[in-house]
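Q: Go ahead and model the full structure; you've got the sequences and the hints to work with.
The numbering of the sequence shown is the UniProt record's numbering, which starts it at 1 and goes up by one.
Derived from the structure by calculation, the hints contain no laboratory data. Worth double-checking, as some hints may not be accurate.
Said to hold, decoys possible - Derived lysine-lysine pairs resembling BS3-like cross-links, with alpha carbons at most 27 Å apart:
#	residue 1	residue 2
1	36	17
2	42	19
3	42	17
4	42	61
5	61	17
6	19	61
7	36	19
8	36	61
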Amino acid sequence: MFPLTVVTCPHLEQLPKQKIEPVQAQYSYRDNVTFKCDVGYKLSSANTMVNCQSNGTWSNKQPHCTGVLCRDFPKIDNTVKSIQTTSRYRFPTSVNVSFQAGYQINGSNQLNCNPTGDCSTPPVCTELEPAANNGDQLNHSGRLQGQPPCSGGPEDNHINHHLM
1 MFPLTVVTCP HLEQLPKQKI EPVQAQYSYR DNVTFKCDVG YKLSSANTMV NCQSNGTWSN
61 KQPHCTGVLC RDFPKIDNTV KSIQTTSRYR FPTSVNVSFQ AGYQINGSNQ LNCNPTGDCS
121 TPPVCTELEP AANNGDQLNH SGRLQGQPPC SGGPEDNHIN HHLM
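A: Written out as structure tokens, the structure is:
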């Protein structure tokens with residue numbers, strides 16, 4: 001009689017963002033292994049499963065997980081540096097947005113590539129109201145007082161203005 005030998009396949013490495021099912025200390029001939037990725041990631045190959053073959057090799061290479069591709073980030077006007085809308089970003093990429101002088105941000109200054117491949121809600125940029133020339137803020141009530149830039153102003157040479 002011949003001695004019985006068990007055919008085993010090499011150990012599968014636990015790769016980042018990847019789940020292997022079932023996890024075993026050793027895989028033998030005809031064992032099947034399925035690969036899955038964490039939310040926001042997808043397999044690099046269409047092969048989601050490998051099987052241990054009679055020659056002790058796996059039927060396919062082990063795939064790895066990569067972040068999903070995000071749809072194009074939106075173009076946002078009046079930014080200091082434009083976002084590369086033609087570049088492809090992958091989850092979990094984040095891009096910080098800053099605006100030109102004279103504009104303010106409404107919302108978060110960060111655009112995120114979400115696990116679904118969508119972009120987070122972009123910030124809104126609004127133009128700041130022009131500041132009063134020659135004015136000093138006296139208190140936080142919104143009352144400004146300043147000197148007129150030309151002669152011929154009010155008799156006390158002061159302008160009082162209440163902001164709404």
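Q: Against this structure, judge whether each hint is valid.
A: Here is what the structure says about each hint:
1. 36 - 17: 9 Å, holds
2. 42 - 19: Since the Cα atoms of residue 42 and residue 19 sit roughly 11 Å apart, the hinted pair holds (cutoff 27 Å).
3. 42 - 17: 9 Å, holds
4. 42 - 61: 16 Å, holds
5. 61 - 17: 17 Å, holds
6. 19 - 61: 15 Å, holds
7. 36 - 19: With a Cα-Cα distance of about 5 Å, the restraint between residue 36 and residue 19 holds, given a limit of 27 Å.
8. 36 - 61: Within the cut-off at roughly 14 Å; holds.
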